[in-house]
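Based on the sequences and whatever the hints tell you, model everything.
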Amino acid sequence: MKSFEYTITEEVGIHARPAGLLSKEAAKFKECTIKVWKGEKSAEPKRLIQLMALGVKHGDTIKVTVEGADEEAVFEHMKKYFEENL
Amino acid sequence: MLRLKGKGVSEGIAIGPLCFYKRQTSDIPRYETKDAAAEWQRFKDAQQLAVEQLGEIAEKAREQAGDEAAVLFETHAMMTEDLDYEEHIQNSVENLKLNAEAAVKDASDFFADMFASMDDDYMKERAADVKDVSARIIGILTGAGQGGMDSDVPAVVAADDLAPSETIQMDKSKILGFATEGGSGNSHTAILARTMGIPAIVGLGDQLKQLTEGCMVVVDGRSGEIFADPDQQTLDAYKEKLEAHIKHRKLLAELKGKPSVTKDGRSIKICCNIGNPDDIQFVKENDGEGIGLFRSEFLYLGCSDYPSEDYQFEAYKKVLEEMAPKEVIIRTMDIGADKQIDYFKMPHEENPALGMRALRISLTRPEVFRTQLRALFRASAYGKLGIMFPMVASVWEVREAKAACEKVKEELRSEGIPFDENTSIGIMIETPAAAVMSDLLAKEVDFFSCGTNDLTQYTLAVDRQNNDLGRFFDPHHPAVLRLLKLVADNAHKEGIWVGICGELGADPELTQTFLSIGIDELSVSPRSVLPLREKVRSSSVKEL
Numbered sequence: 001m002k003s004f005e006y007t008i009t010e011e012v013g014i015h016a017r018p019a020g021l022l023s024k025e026a027a028k029f030k031e032c033t034i035k036v037w038k039g040e041k042s043a044e045p046k047r048l049i050q051l052m053a054l055g056v057k058h059g060d061t062i063k064v065t066v067e068g069a070d071e072e073a074v075f076e077h078m079k080k081y082f083e084e085n086l
Numbered sequence: 087m088l089r090l091k092g093k094g095v096s097e098g099i100a101i102g103p104l105c106f107y108k109r110q111t112s113d114i115p116r117y118e119t120k121d122a123a124a125e126w127q128r129f130k131d132a133q134q135l136a137v138e139q140l141g142e143i144a145e146k147a148r149e150q151a152g153d154e155a156a157v158l159f160e161t162h163a164m165m166t167e168d169l170d171y172e173e174h175i176q177n178s179v180e181n182l183k184l185n186a187e188a189a190v191k192d193a194s195d196f197f198a199d200m201f202a203s204m205d206d207d208y209m210k211e212r213a214a215d216v217k218d219v220s221a222r223i224i225g226i227l228t229g230a231g232q233g234g235m236d237s238d239v240p241a242v243v244a245a246d247d248l249a250p251s252e253t254i255q256m257d258k259s260k261i262l263g264f265a266t267e268g269g270s271g272n273s274h275t276a277i278l279a280r281t282m283g284i285p286a287i288v289g290l291g292d293q294l295k296q297l298t299e300g301c302m303v304v305v306d307g308r309s310g311e312i313f314a315d316p317d318q319q320t321l322d323a324y325k326e327k328l329e330a331h332i333k334h335r336k337l338l339a340e341l342k343g344k345p346s347v348t349k350d351g352r353s354i355k356i357c358c359n360i361g362n363p364d365d366i367q368f369v370k371e372n373d374g375e376g377i378g379l380f381r382s383e384f385l386y387l388g389c390s391d392y393p394s395e396d397y398q399f400e401a402y403k404k405v406l407e408e409m410a411p412k413e414v415i416i417r418t419m420d421i422g423a424d425k426q427i428d429y430f431k432m433p434h435e436e437n438p439a440l441g442m443r444a445l446r447i448s449l450t451r452p453e454v455f456r457t458q459l460r461a462l463f464r465a466s467a468y469g470k471l472g473i474m475f476p477m478v479a480s481v482w483e484v485r486e487a488k489a490a491c492e493k494v495k496e497e498l499r500s501e502g503i504p505f506d507e508n509t510s511i512g513i514m515i516e517t518p519a520a521a522v523m524s525d526l527l528a529k530e531v532d533f534f535s536c537g538t539n540d541l542t543q544y545t546l547a548v549d550r551q552n553n554d555l556g557r558f559f560d561p562h563h564p565a566v567l568r569l570l571k572l573v574a575d576n577a578h579k580e581g582i583w584v585g586i587c588g589e590l591g592a593d594p595e596l597t598q599t600f601l602s603i604g605i606d607e608l609s610v611s612p613r614s615v616l617p618l619r620e621k622v623r624s625s626s627v628k629e630l
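Quick mapping for you: the protein sequence lines, in order, are chains A and B.
Going by my numbering, the first sequence opens with residue 1, and the numbers climb by one from there.
Going by my numbering, the second sequence opens with residue 87, and the numbers climb by one from there.
Think of the hints as simulated: they come from the structure by calculation, not from any bench.
This one's a predicted model, so the numbers in the text were calculated from it and none came from an experiment.
Mixed in with the good hints, there may be bad ones.
[Unchecked claim] Cβ pair distances, simulated, as ranges:
no.	chain 1	residue 1	chain 2	residue 2	range
1	B	D525	A	E5	56 to 62 angstroms
2	B	S390	A	A69	21 to 27 angstroms
3	A	E83	B	P433	49 to 55 angstroms
4	A	E83	B	V481	48 to 54 angstroms
5	A	E83	B	S390	47 to 53 angstroms
[What the hints assert, rightly or not] Not close to chain B: a few residues of chain A, all C-beta gaps over 10 angstroms, as computed:
no.	residue
6	H15
7	S23
8	K28
9	E40
10	S42
11	M52
12	E67
[Stated by the list, open to error] Derived pair list, reagent style BS3-like, types lysine-lysine, alpha-carbon separation capped at 27 angstroms:
no.	chain 1	residue 1	chain 2	residue 2
13	B	K130	A	K30
14	B	K412	B	K529
15	A	K57	B	K210
16	A	K38	B	K529
17	A	K79	B	K404
18	B	K404	A	K63
19	B	K108	B	K93
20	B	K91	B	K258
21	A	K28	B	K295
22	B	K130	A	K24
23	B	K258	B	K333
24	B	K217	A	K24
Glycine is no exception: its CB is placed at the ideal position from the N, C-alpha and C atoms.
Shown next, in the form of structure tokens:
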């Protein structure tokens, strides 16, 4: 399992629009379990409602864990996605 | 006449008949299913159809209200297929043997409650998304379909609440305005109404029940008021407002993106005065050419203690980034006189207008000044910043303020923090002393901006806050205009630009005068930008 920490700079946090886009992105990797952690709570980003319910706001520091097939590549891909979009 | 009060969430005025939105309400059936697999398939078919419908609505939204609105419906489509949502329904059908309609209803309640209980106003609103999506699937399952409005003429649509999909599916040419019992400024309907430019009032509660189908209403989307069966006086007043509003919209369409240049080719920059980063949207809507005056007081007024460097930095950075590459002139705090703040603990003054205010406080409290300057220079790396000092009377004050800037720049350099070395420095010309000394002041700074309210008050020795002195407070007084001419001439001799950021700048009676004395920039409230641009484009300097 690989993980990285990230502080959200997106103004509205992971709300409707950014959540929808992140969800689409994460759903691309079917063989890999991706999770977004906010403190003790976590959500799978491909599950949109879960992700939105996590209530990640601007300035929140979250942890993203990646586990499964092709872990390394998915990790790099998601890290880049967060840095560029959120 | 009946007056209703709600929350105005989309500006504008609507006058017309009221039409209630009609829903195909049917009770949601609930029974035990014998064939869970078939029931599950019924759901899957309905789900697929809902996703297709939402795709079509997203396209319609893209045409009518832009990408932002379209993404909303794409998100709805994703919610329809959400795994948790689907699993909740699957569990109800397969384990509890519930029919599909009831299973969807239960999932809808479950997830809507979950969103509604979140401690975030924005997320609370997402409960409406879940309900909207679920209502669509249930509508497909029961065959009841969707609701609609039934009016041959354009009307104000009234409803308990409107789901975004209901809003976008209505025939836009038939909608004059929206009035709903529930909802908030964050609701999608409010956001859609704003992007479509349709006045809307939400949160009217039970008041709507007093109105009847087809009754004449006036909707004021700014104040949040509705007048039903208005009297002649109210109706006339609003018809006038509506015309002004339509005229402004027309200006917007005609003049947005056009240069502010006279018939004989003289251009003048028309910028905006703002007091809060949120005002930037109005600057953009009205095509402001930059920000000529950003009052930094709001940062101090909104706090119970001195705002920190980081807090200020974030606010300045946001404005600079949003406006880039256009210039943003931020005025250092103009506290004192009519703007008092408790934690500054300023001693009581007999004559605050002539007292400890603005730059005088900054120079007397170097630590407060330093914090603001550090925040400003740090933010300068994120756009095009100009720093402006208010309430200058003497050359030494400007030199001292500039020295404070140099000290801060030196600090940032040694700390390796990036900033824009070419940040321009300017001053407000609002005392007669500064106007008279403008030849020497012009050698010290990069620009002047004239604050006409204070310049008038100090030049004419008339208290601007005393209403009894109304006719003595005359910003058109030749003494004020002569000073402005003197300032402009002295600025141009030193090759710096001069603007006007007081209320006088928007006065169309003086536009010709300002053009002829060579004013380079007018900074006005966002709503005045386009009327002023229209005035400039129909003027010519040589006529004078």
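Now the hints, each set against the structure:
Evaluation of the 56 to 62 angstroms hint for D525 (chain B) and E5 (chain A) yields a pass: the beta carbon distance comes to about 58 angstroms. A beta carbon spacing of about 53 angstroms between S390 (chain B) and A69 (chain A) contradicts the range 21 to 27 angstroms that was offered as a hint. About 51 angstroms separates the C-beta atoms of E83 (chain A) and P433 (chain B), a value consistent with the hinted range of 49 to 55 angstroms. Roughly 49 angstroms separates the CB atoms of E83 (chain A) and V481 (chain B), a value that falls within the hinted 48 to 54 angstroms.
A beta carbon spacing of about 36 angstroms between E83 (chain A) and S390 (chain B) contradicts the range 47 to 53 angstroms that was offered as a hint. Here H15 (chain A) does not stay apart from chain B, with its beta-carbon only about 6 angstroms from theirs, under the 10 angstroms limit. Not every CB of chain B lies more than 10 angstroms from the CB of S23 (chain A), the least distance being 6 angstroms, so the non-interface label is violated. Even its closest Cβ contact with chain B, about 14 angstroms, leaves K28 (chain A) beyond 10 angstroms, as expected for a residue assigned away from the interface.
Non-interface call for E40 (chain A) relative to chain B: holds, since the shortest CB-CB distance, roughly 16 angstroms, exceeds 10 angstroms. A cut-off of 10 angstroms between C-beta atoms confirms that S42 (chain A) is not in contact with chain B; the least separation is 13 angstroms. Not every Cβ of chain B is farther than 10 angstroms from the Cβ of M52 (chain A); the closest lies at roughly 6 angstroms, contradicting the non-interface assignment. With a minimum CB-CB distance of about 18 angstroms to chain B, E67 (chain A) clears the 10 angstroms threshold, and the non-interface call stands.
For the suggested pair K130 (chain B) and K30 (chain A), the alpha carbons sit about 21 angstroms apart, so the restraint of at most 27 angstroms is met. Taking the CA atoms of K412 (chain B) and K529 (chain B), the gap is about 25 angstroms. The hint holds against a cut of 27 angstroms. At most 27 angstroms may separate the alpha-carbon atoms for a hinted pair to count; K57 (chain A) and K210 (chain B) meet this at roughly 14 angstroms. Pair hint K38 (chain A) plus K529 (chain B) does not hold up; C-alpha atoms about 55 angstroms apart against a cutoff of 27 angstroms.
A hinted pair counts as satisfied when its Cα atoms are at most 27 angstroms apart, and K79 (chain A) with K404 (chain B) qualifies at roughly 25 angstroms. For the proposed pair K404 (chain B) and K63 (chain A), the alpha carbon gap of about 26 angstroms is at most 27 angstroms, so the pair holds. Pair hint K108 (chain B) plus K93 (chain B) holds up; C-alpha atoms about 23 angstroms apart against a cutoff of 27 angstroms. At most 27 angstroms may separate the alpha-carbon atoms for a hinted pair to count; K91 (chain B) and K258 (chain B) meet this at roughly 25 angstroms.
Proximity of K28 (chain A) to K295 (chain B) is assessed by CA-CA distance (about 49 angstroms); at most 27 angstroms being required, the pair is judged violated. Between K130 (chain B) and K24 (chain A), the direct Cα distance comes to roughly 20 angstroms. Compliance with the 27 angstroms bound is thereby established for this hinted pair. Distance hint between K258 (chain B) and K333 (chain B) is fulfilled; the C-alpha atoms sit about 20 angstroms from each other, no more than 27 angstroms. A C-alpha spacing of about 22 angstroms is found between K217 (chain B) and K24 (chain A), which places the hinted pair at or below 27 angstroms, so the restraint holds.
Consistency note: the structure conflicts with the earlier hints numbered 2, 5, 6, 7, 11, 16 and 21.
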